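The listed protein sequences derive, respectively, from chains A and B. Sequential numbering from 0 applies to the first sequence in numbering that gives the first Met the number 0. Sequential numbering from 0 applies to the second sequence in numbering that gives the first Met the number 0.
Treat the hints with care, since some could be wrong.
[Unchecked claim] Pulled a few chain A residues facing chain B out of the computed Cβ check, cut under 7 Å:
#1 ASN54
#2 GLU56
#3 PHE64
#4 ILE96
#5 CYS104
#6 ILE127
#7 ARG131
[Claimed, not checked] Some chain B residues well away from chain A (every beta-carbon gap over 10 Å; in silico):
#8 ILE65
#9 SER73
#10 ALA75
#11 LYS89
#12 THR99
#13 LYS100
#14 ILE102
#15 ASN115
#16 TYR117
#17 ASP118
#18 ILE121
#19 ILE131
#20 LEU163
[As the list claims (entries may be wrong)] Below, computed lysine to aspartate or glutamate pairings styled on EDC-like, alpha-carbon distance capped at 20 Å:
#21 A:LYS16 to B:GLU47
#22 A:LYS147 to A:GLU59
#23 A:LYS20 to B:ASP101
#24 B:LYS158 to A:GLU60
#25 B:LYS93 to A:GLU12
FYI, nobody ran anything at the bench for these hints, they're computed from the structure. Since we're looking at a predicted model, the values are computed, not measured. The beta carbon of each residue, even a glycine, is placed where N, CA and C say it ideally should be.
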Amino acid sequence: MKTNLLNRITNSELVNKHINKAIKDDTFAAKTLVTLNVAKDVFAYGARFATTMQNKEIPEEQRPFVASMDLMSGVVTAAMQIGVGYSLANPKIQNKIWDKFFQNCKFDNIVAAKKGFSQILALIGSTILAERILVPLIATPAAEKFEKKFFHHNTKTEQQRSLSQITFADFEKDIANGIDA
Amino acid sequence: MPKVNQYIATSVEKFSQKGGEKVSNYVNAAGKAIIAPLVIMHNPFTKENEDNRKWAAVKQPVEAVITIAMQLASLALLYKGVDSLIKKGKINFKYVENATKDISKIPKKILEACNNDYDKAITMYREQYNEIFKDRVGAVVSSIAYLPVLALSNKVYPKIAQKLVNKNENKSSK
Numbered sequence: 000m001k002t003n004l005l006n007r008i009t010n011s012e013l014v015n016k017h018i019n020k021a022i023k024d025d026t027f028a029a030k031t032l033v034t035l036n037v038a039k040d041v042f043a044y045g046a047r048f049a050t051t052m053q054n055k056e057i058p059e060e061q062r063p064f065v066a067s068m069d070l071m072s073g074v075v076t077a078a079m080q081i082g083v084g085y086s087l088a089n090p091k092i093q094n095k096i097w098d099k100f101f102q103n104c105k106f107d108n109i110v111a112a113k114k115g116f117s118q119i120l121a122l123i124g125s126t127i128l129a130e131r132i133l134v135p136l137i138a139t140p141a142a143e144k145f146e147k148k149f150f151h152h153n154t155k156t157e158q159q160r161s162l163s164q165i166t167f168a169d170f171e172k173d174i175a176n177g178i179d180a
Numbered sequence: 000m001p002k003v004n005q006y007i008a009t010s011v012e013k014f015s016q017k018g019g020e021k022v023s024n025y026v027n028a029a030g031k032a033i034i035a036p037l038v039i040m041h042n043p044f045t046k047e048n049e050d051n052r053k054w055a056a057v058k059q060p061v062e063a064v065i066t067i068a069m070q071l072a073s074l075a076l077l078y079k080g081v082d083s084l085i086k087k088g089k090i091n092f093k094y095v096e097n098a099t100k101d102i103s104k105i106p107k108k109i110l111e112a113c114n115n116d117y118d119k120a121i122t123m124y125r126e127q128y129n130e131i132f133k134d135r136v137g138a139v140v141s142s143i144a145y146l147p148v149l150a151l152s153n154k155v156y157p158k159i160a161q162k163l164v165n166k167n168e169n170k171s172s173k
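Chain A on its own, in the form it takes in the complex (with noise of 0.2 Å):
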């Protein structure tokens, strides 16, 4: 049963052509990275924001702006991801950093130093540049501003039920404590 499966991967047309274009291009190599990169965090933020929301541990006033949060990180961490990360795996960009930094450098296997790099630049870029330091940036004004249209219009919401729903006698007891219904 297993060693079925493993033929049937191993011995795929779509695994092996997947596998040896990583291996021919540093391009398309780094920019998988960066795809599979960002298909995690969205994975990983929509798991977040679906469970900050039922999180009771966290305050009931925080919960909203940290759920918003994850929310708003993950929609624009996936676009400025795949912009960033796309742009510092273009082979031009990668050749001139290398010829900069690296010329007179020695390797023992260039090859595959060259092909980290070029993972890692994109991966930085994509990553550091443009998940930690731009989508914060982004997504923290958005997050306050889906939290006040989402969450407070709900709160609202429920309060104006809840108004609708107060009988009478409760209408007069707020009438003689002074609370303007």
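Following the hints, complete the assembly by docking chain B onto the known chain A.
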């Protein structure tokens, strides 16, 4: 400067031998633990109250530490299993097998890197195939490993955030 460049070059080469998935996880964890909280706390484009920002900022390093620990542990187990299958000769990719019969099937850049030494080139081709295969399976495992990470971090992070936010509040009230 050339010394610094050589140091970076050696580090890049060493790092690249760890495989893309591990590198991706290290870079991700470093960014999440160090950069993300700073940006959340000092973002000039938001008027969100400080307590809310502190709560969102504390979440990042806590989750980064738990994530990297869980990912490295699960990847170590996975790679050990795959390496053992490779040693037993149970993982043989079709294109590599074809290349053992026909030298022209080996990518040029590998042949050049091995000075056209066929034995070295086929070994390098096979190794790269296996590394990329491990990376791809690793990416799936890392994603699945995120679910227990999330469950754990959702339990641990509010406790740490509560302590840190309260500690700062106590300090500022003094």
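Structure-based check of each hint:
Because the beta carbon of A:ASN54 sits about 5 Å from the nearest beta carbon in chain B, less than 7 Å, this interface hint is met. With its C-beta approaching chain B no nearer than about 4 Å, A:GLU56 sits inside the 7 Å limit, and its interface hint holds. With a least beta-carbon distance of about 4 Å to chain B, the hint placing A:PHE64 at the interface is held under the 7 Å criterion. Of the supplied interface hints, the one on A:ILE96 is violated, with its beta-carbon coming no nearer than about 11 Å to a beta-carbon of chain B, more than 7 Å.
Checking A:CYS104 against chain B: minimum C-beta separation of about 4 Å stays under 7 Å; hint holds. Interface hint at A:ILE127: satisfied, since its Cβ lies 4 Å from the closest Cβ of chain B, which is below the 7 Å cut-off. With its C-beta approaching chain B no nearer than about 4 Å, A:ARG131 sits inside the 7 Å limit, and its interface hint holds. Distance check for B:ILE65 against chain A: the nearest CB is about 12 Å away, which clears 10 Å, and the non-interface claim stands.
The Cβ of B:SER73 sits about 13 Å from the closest Cβ of chain A, beyond the 10 Å cut-off, so the non-interface label holds. No Cβ of chain A approaches the Cβ of B:ALA75 within 10 Å, the least distance being about 18 Å, so the stated non-interface status holds. Consistency note on B:LYS89: stated as away from chain A, yet its beta-carbon is not over 10 Å from all of that chain's, at 6 Å minimum. At roughly 14 Å, the least C-beta separation between B:THR99 and chain A is larger than 10 Å, which holds for a residue marked as non-interface.
For B:LYS100, the shortest C-beta to C-beta distance to chain A comes to about 15 Å, beyond the 10 Å cut-off, and the non-interface label holds. B:ILE102, annotated as away from the interface, keeps every beta carbon of chain A farther than 10 Å; the closest lies near 15 Å. Distance check for B:ASN115 against chain A: the nearest CB is about 14 Å away, which clears 10 Å, and the non-interface claim stands. Annotated as non-interface, B:TYR117 keeps its C-beta farther than 10 Å from every C-beta of chain A; the closest such distance is 16 Å.
At roughly 16 Å, the least C-beta separation between B:ASP118 and chain A is larger than 10 Å, which holds for a residue marked as non-interface. Under the 10 Å C-beta cut-off, the non-interface status given to B:ILE121 relative to chain A holds; the minimum distance is some 13 Å. For B:ILE131, the shortest C-beta to C-beta distance to chain A comes to about 5 Å, within the 10 Å cut-off, and the non-interface label is violated. The Cβ of B:LEU163 sits about 13 Å from the closest Cβ of chain A, beyond the 10 Å cut-off, so the non-interface label holds.
Straight-line distance between C-alpha atoms of A:LYS16 and B:GLU47 comes to about 49 Å, which puts the hinted pair past the 20 Å bound. Between A:LYS147 and A:GLU59, the direct Cα distance comes to roughly 14 Å. Compliance with the 20 Å bound is thereby established for this hinted pair. For the hint linking A:LYS20 to B:ASP101, the alpha-carbon distance of about 18 Å falls within 20 Å, and the restraint holds. A C-alpha spacing of about 16 Å is found between B:LYS158 and A:GLU60, which places the hinted pair at or below 20 Å, so the restraint holds.
This hinted pair checks out: B:LYS93 and A:GLU12 have alpha carbons roughly 8 Å apart, not beyond 20 Å.
In the structure shown, a violation is registered for the earlier hints numbered 4, 11, 19 and 21, in ascending order.
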